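2 protein chains.
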Amino acid sequence: MKLSALLMPTLREDPSEAEVVSHRLMLRAGMIRRLAAGIYELLPLGFRVIQKISNIIREEMNRAGAQELLLPALLPAELWRETGRWDVYGKELMRIEDRHEREFCLGPTHEEVITDLVRREVRSYRQLPLNLYQIQTKFRDEIRPRFGLMRGREFIMKDAYSFDRDAEGLEVSYRKMDEAYRRIFNRCGLKYKVVEADPGPIGGGFSQEFMVIAETGEDEIMHCDRCEYAASHEMARFKGKDQEKEKGTVPKIETVKTPGVKTIEQLQKFLKIDPKQMIKTLIHEVEGKPVAVLIRGDHGLNESRLKKLLKSENVKLAEPDFIKMATGAPVGFSGPVGLKNVKIIADRSVPGIHDGVTGANKEDAHITHVKYGRDYKADVVDDLRLAEEGDFCPSCDGGKLVMTRGIEVGHIFKLGTKYSEKMKATYLDESGRETVCVMGCYGIGVGRTAAATIEQSSDKDGIIWPAGIAPYHVVVAPVNFSEPEQREVAVEIYESLFESGIEVLLDDREGRIGARLKDIDLIGIPVKIIIGPKGLKENKVEIKLRAGGDVKLVEKTRALEEIRKILEHGE
Amino acid sequence: MKLSALLMPTLREDPSEAEVVSHRLMLRAGMIRRLAAGIYELLPLGFRVIQKISNIIREEMNRAGAQELLLPALLPAELWRETGRWDVYGKELMRIEDRHEREFCLGPTHEEVITDLVRREVRSYRQLPLNLYQIQTKFRDEIRPRFGLMRGREFIMKDAYSFDRDAEGLEVSYRKMDEAYRRIFNRCGLKYKVVEADPGPIGGGFSQEFMVIAETGEDEIMHCDRCEYAASHEMARFKGKDQEKEKGTVPKIETVKTPGVKTIEQLQKFLKIDPKQMIKTLIHEVEGKPVAVLIRGDHGLNESRLKKLLKSENVKLAEPDFIKMATGAPVGFSGPVGLKNVKIIADRSVPGIHDGVTGANKEDAHITHVKYGRDYKADVVDDLRLAEEGDFCPSCDGGKLVMTRGIEVGHIFKLGTKYSEKMKATYLDESGRETVCVMGCYGIGVGRTAAATIEQSSDKDGIIWPAGIAPYHVVVAPVNFSEPEQREVAVEIYESLFESGIEVLLDDREGRIGARLKDIDLIGIPVKIIIGPKGLKENKVEIKLRAGGDVKLVEKTRALEEIRKILEHGE
Numbered sequence: 000m001k002l003s004a005l006l007m008p009t010l011r012e013d014p015s016e017a018e019v020v021s022h023r024l025m026l027r028a029g030m031i032r033r034l035a036a037g038i039y040e041l042l043p044l045g046f047r048v049i050q051k052i053s054n055i056i057r058e059e060m061n062r063a064g065a066q067e068l069l070l071p072a073l074l075p076a077e078l079w080r081e082t083g084r085w086d087v088y089g090k091e092l093m094r095i096e097d098r099h100e101r102e103f104c105l106g107p108t109h110e111e112v113i114t115d116l117v118r119r120e121v122r123s124y125r126q127l128p129l130n131l132y133q134i135q136t137k138f139r140d141e142i143r144p145r146f147g148l149m150r151g152r153e154f155i156m157k158d159a160y161s162f163d164r165d166a167e168g169l170e171v172s173y174r175k176m177d178e179a180y181r182r183i184f185n186r187c188g189l190k191y192k193v194v195e196a197d198p199g200p201i202g203g204g205f206s207q208e209f210m211v212i213a214e215t216g217e218d219e220i221m222h223c224d225r226c227e228y229a230a231s232h233e234m235a236r237f238k239g240k241d242q243e244k245e246k247g248t249v250p251k252i253e254t255v256k257t258p259g260v261k262t263i264e265q266l267q268k269f270l271k272i273d274p275k276q277m278i279k280t281l282i283h284e285v286e287g288k289p290v291a292v293l294i295r296g297d298h299g300l301n302e303s304r305l306k307k308l309l310k311s312e313n314v315k316l317a318e319p320d321f322i323k324m325a326t327g328a329p330v331g332f333s334g335p336v337g338l339k340n341v342k343i344i345a346d347r348s349v350p351g352i353h354d355g356v357t358g359a360n361k362e363d364a365h366i367t368h369v370k371y372g373r374d375y376k377a378d379v380v381d382d383l384r385l386a387e388e389g390d391f392c393p394s395c396d397g398g399k400l401v402m403t404r405g406i407e408v409g410h411i412f413k414l415g416t417k418y419s420e421k422m423k424a425t426y427l428d429e430s431g432r433e434t435v436c437v438m439g440c441y442g443i444g445v446g447r448t449a450a451a452t453i454e455q456s457s458d459k460d461g462i463i464w465p466a467g468i469a470p471y472h473v474v475v476a477p478v479n480f481s482e483p484e485q486r487e488v489a490v491e492i493y494e495s496l497f498e499s500g501i502e503v504l505l506d507d508r509e510g511r512i513g514a515r516l517k518d519i520d521l522i523g524i525p526v527k528i529i530i531g532p533k534g535l536k537e538n539k540v541e542i543k544l545r546a547g548g549d550v551k552l553v554e555k556t557r558a559l560e561e562i563r564k565i566l567e568h569g570e
Numbered sequence: 000m001k002l003s004a005l006l007m008p009t010l011r012e013d014p015s016e017a018e019v020v021s022h023r024l025m026l027r028a029g030m031i032r033r034l035a036a037g038i039y040e041l042l043p044l045g046f047r048v049i050q051k052i053s054n055i056i057r058e059e060m061n062r063a064g065a066q067e068l069l070l071p072a073l074l075p076a077e078l079w080r081e082t083g084r085w086d087v088y089g090k091e092l093m094r095i096e097d098r099h100e101r102e103f104c105l106g107p108t109h110e111e112v113i114t115d116l117v118r119r120e121v122r123s124y125r126q127l128p129l130n131l132y133q134i135q136t137k138f139r140d141e142i143r144p145r146f147g148l149m150r151g152r153e154f155i156m157k158d159a160y161s162f163d164r165d166a167e168g169l170e171v172s173y174r175k176m177d178e179a180y181r182r183i184f185n186r187c188g189l190k191y192k193v194v195e196a197d198p199g200p201i202g203g204g205f206s207q208e209f210m211v212i213a214e215t216g217e218d219e220i221m222h223c224d225r226c227e228y229a230a231s232h233e234m235a236r237f238k239g240k241d242q243e244k245e246k247g248t249v250p251k252i253e254t255v256k257t258p259g260v261k262t263i264e265q266l267q268k269f270l271k272i273d274p275k276q277m278i279k280t281l282i283h284e285v286e287g288k289p290v291a292v293l294i295r296g297d298h299g300l301n302e303s304r305l306k307k308l309l310k311s312e313n314v315k316l317a318e319p320d321f322i323k324m325a326t327g328a329p330v331g332f333s334g335p336v337g338l339k340n341v342k343i344i345a346d347r348s349v350p351g352i353h354d355g356v357t358g359a360n361k362e363d364a365h366i367t368h369v370k371y372g373r374d375y376k377a378d379v380v381d382d383l384r385l386a387e388e389g390d391f392c393p394s395c396d397g398g399k400l401v402m403t404r405g406i407e408v409g410h411i412f413k414l415g416t417k418y419s420e421k422m423k424a425t426y427l428d429e430s431g432r433e434t435v436c437v438m439g440c441y442g443i444g445v446g447r448t449a450a451a452t453i454e455q456s457s458d459k460d461g462i463i464w465p466a467g468i469a470p471y472h473v474v475v476a477p478v479n480f481s482e483p484e485q486r487e488v489a490v491e492i493y494e495s496l497f498e499s500g501i502e503v504l505l506d507d508r509e510g511r512i513g514a515r516l517k518d519i520d521l522i523g524i525p526v527k528i529i530i531g532p533k534g535l536k537e538n539k540v541e542i543k544l545r546a547g548g549d550v551k552l553v554e555k556t557r558a559l560e561e562i563r564k565i566l567e568h569g570e
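Residue numbers (numbering that gives the first Met the number 0), protein chains in the order written: chain A, 0 to 570; chain B, 0 to 570.
There's no promise every hint is true.
When chains are identical, the list treats them as one kind, so a pair holds in a single copy or across two.
What the hints assert, rightly or not - Calculated lysine to any residue pairs in the SDA-like style (CA-CA distance at most 25 Å, straight line):
1. K539 with D507
2. K1 with N54
3. K527 with R125
4. K192 with G259
5. K1 with R182
6. K564 with R347
7. K175 with R62
8. K417 with L309
9. K256 with R174
10. K137 with R94
11. K1 with K175
12. K137 with A76
13. K1 with L270
14. K1 with E170
15. K90 with T136
16. K175 with E498
17. K543 with E498
18. K423 with A36
19. K90 with E100
20. K238 with T367
Bear in mind the hints are in silico, worked out from the structure with no lab data behind them. Here the structure is a predicted model, which is why all the values come from computation and not from measurement.
Chain A on its own, in the form it takes in the complex:
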């Protein structure tokens, strides 16, 4: 392709709409353009990267025995009603009526549709296992679409669904996907961690996320500094640091006036105490009833563990009115002492608070010198706090947890029978008994993978594409294309590369070489061949890698050979 003909509208200035590096650089490199909030046009260079990633996914999914198909985007409401998700999904689900006023949604995910297909077409154990996938456009009306391709309202996703005879079969299918995902992200040139994750609204018992490590990531990851253990902050387990038992008597409780002091920070300043002394009391509404959750002042509550402990999804921080009703006081002054008719659940660290401070259940008042067992008791004591840096790793001896940030590019789920049971996706086993299929599902955000790559791989000049997903491998750039000798050598090298299957651009544009190379560095092409008068005097051309390193002068006749070596080595 000649650069003069390519639609590549690069920008000199940083566009104001972009907050993160990848968004900024994809706009500046002319790879994407915004059509509406969270809705992007993929321009030729952007489309090529998406195709590269899609093809890697396709090859690895096929290698793992999965079969590609294509499901519609317009999905009938009936199917979503069968699983109850028509109502659960809320405004994120884009709904539409056809000319006959039949209800449809634009698919944000395809569990219902694929389960419906399998229940219609699969009858016998002989047809299982089955792993079906598609690379398709999804729609989610995100409340806050942002960061370009990172969180869009229309985006390309690979989604796969496995159907097995039983749980052991699912284990095999899941492991195959785990392996395929590692190969995919390795081939994309990404540094990532596989973390235990919350299955969220997709559901199922167990899931793992593939997280690309990046400072700009939206997600917090806890991982061990010694072993492979990693989990989302919410899901991270830990072995607590040993707490020294404090001794000595605690004075009687005392109520102190704390006018307008509602938060831990305010209290810390006002009473000049350590947050470790505070008993944070978070009133929750659980299935309509009040529950007081006690956490040490320096800890964070793990909502997901709380839900698991209470065996309910219907758990939320209570509204002010509800708190007033349950404790008699406004928000900010709750505490466990004297609290009646409210279930109390405490994190394991709370009973160890020797001489504590907590709310008095009265406006503008707290209580000091509070002691567990003497002044209050919890109905349940369990692990409820979020893991913290320095906590011991739950899976090895002596490793400590470290926090880092990541971008979720893949998510794999053991769904079990959540959908197959509701939708009656069954098969007849060897003995002719009707049995429910056991499912897994496996997603990759294709556009997000491209964006995450840039978050990990760029410099002040622009994108640095790993060779595996670069839109083109090489640019041949003569210093002056209108100079006959340079042009002749450039075209010759360009054609030899093209004919040997290397994806190559020819910079035949007018203008100064400096400005043109700036463009080429911005779009991140891995290898440049620069052809100038000085080198040509010795029959040489310059080869320069985008990722850095010295300029290499090679005989012009050896350019192809040299490039081949670099690309083979690089991928």
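Given the coordinates of chain A, assemble chain B onto it according to the supplied hints.
Relative to chain A, chain B alone:
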């Protein structure tokens, strides 16, 4: 791929929902399944065919210098309002509101979006010409979706848009697309005609359709029996057959009672006259005013020519009340004699009707012995009838028009400045003058191309795929896979084919060979290698082509070589 693992739910019986061969066979071969009216799931075999066609399109578009990109499916209403199509498109356009009540539609075509992109990104003549294309899912809420992938509500289309500096540039771009389309449909193995067509709601001055010849086609095509001339029935031009001038005096006009005789057929029976004697009078409402259109009884009116002649799109057959108002009589009794305040337009053949019959503009009455010039005159005489078989070809000497039926798989348009002018897609020319881009657009129905292929290529046993777009090239089918020698030879041949890049299936299923081969013929795989005990005694296997011909016995070690020869020859 092993057939036992492939999701290929073939059906023994013809499904009742299918009216045409391609729909029936795609369902029976387990290639597609219906999710809702006009909305289909592409199962693995169906998806592969769609991919094959897409890749052929991609290669030929790239070869023609077009650049692939991907535009969104969710399109903001504002853009469609700019061209006025938001209102014009009617119910076929699927409209949706996002969570902020902003209006979008699901793209049925992308002229607005691409023109918007180009007006934002193209500034200089140096950036032109540009040809941008995508292969993408389109949405049209068809009032009568039918025939499977032939006319769906959600379907895959390749759409391309060219932008040129001027009309000469458009000619070049258009010709390149014409050539690319011919290569694409040739590679798909299709028999087709390129016909002059009506641009319809897409607009522009000139368009051609690529029509796959098939009896089940929805469109009528007129083509010359000698030269390359072909056009849609509506667009077909012709040189009329010479009409013999009849002589002799015509008696005075006479009114005859014709109670309840309203149609040409009824009149023909009632008066026992030749339809060639009848002056069919069709009252039209044109921009709110009545126009009487006269056509000989045996001819059909060409609505599209009438619109062109009247220079109006607002032309329709009048409603009964309007006819009564204009002529004083109910429907079925209109005629030109004595008609006042109504413009009269006659086809060129009408003045030649020697002794005619027409309506009396009175209920239950006609007039006989009507003569042009004496009893009535037209305000305009022009070509208004549809071409007929036997008419002389307009483009060669002595060729005659023949009618055939076709399926539109591609449509190319010279749009001119219809969109670029409205949306101000301009560039600065060499002299710095702002100039409007000249556009073309070019579509291919990908799923429809697959269906059209089957309409042209099937037999009683199933589909016969041309090798270029077959889901797999070869099936290796042992008579009994559990028999060790057969299995060993089968696996060996399968692997050797697989490794040399041939797309091959291994029939490892249980069951009788007869039933299994029925499945394989149904899905239309071009080549079968059958491995049975009789052949193996002489170290031979059978090679059989789906398209017919003799069974060939070859040495098992020569199978790969033989298959290679067949596939190279076949494509």
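Here's how the hints hold up against the structure:
1. K539 with D507: Within. Shortest intra-copy distance 19 Å satisfies the 25 Å Cα cut-off; inter-copy 58 Å does not.
2. K1 with N54: both (24 Å within a copy, 22 Å between copies)
3. K527 with R125: between (54 Å within a copy, 24 Å between copies)
4. K192 with G259: neither (44 Å within a copy, 84 Å between copies)
5. K1 with R182: between (33 Å within a copy, 23 Å between copies)
6. K564 with R347: neither (59 Å within a copy, 75 Å between copies)
7. K175 with R62: within (10 Å within a copy, 38 Å between copies)
8. K417 with L309: Within. Shortest intra-copy distance 20 Å satisfies the 25 Å Cα cut-off; inter-copy 64 Å does not.
9. K256 with R174: neither (59 Å within a copy, 87 Å between copies)
10. K137 with R94: both (13 Å within a copy, 17 Å between copies)
11. K1 with K175: between (41 Å within a copy, 18 Å between copies)
12. K137 with A76: For K137 and A76, the Cα distance is within 25 Å both inside one copy (16 Å) and across copies (20 Å).
13. K1 with L270: Answer is neither: 71 Å inside a copy and 73 Å across each miss the 25 Å cutoff.
14. K1 with E170: between (49 Å within a copy, 22 Å between copies)
15. K90 with T136: Result: close both inside a copy and across copies, 18 Å intra and 24 Å inter.
16. K175 with E498: Between copies, since 23 Å is at most 25 Å while 37 Å is not.
17. K543 with E498: Cα proximity of K543 and E498: one copy only (21 Å, versus 37 Å across).
18. K423 with A36: between (39 Å within a copy, 23 Å between copies)
19. K90 with E100: both (19 Å within a copy, 11 Å between copies)
20. K238 with T367: neither (29 Å within a copy, 106 Å between copies)
Checked against the numbered hints given earlier, this structure breaks hints 4, 6, 9, 13 and 20; the rest are met.
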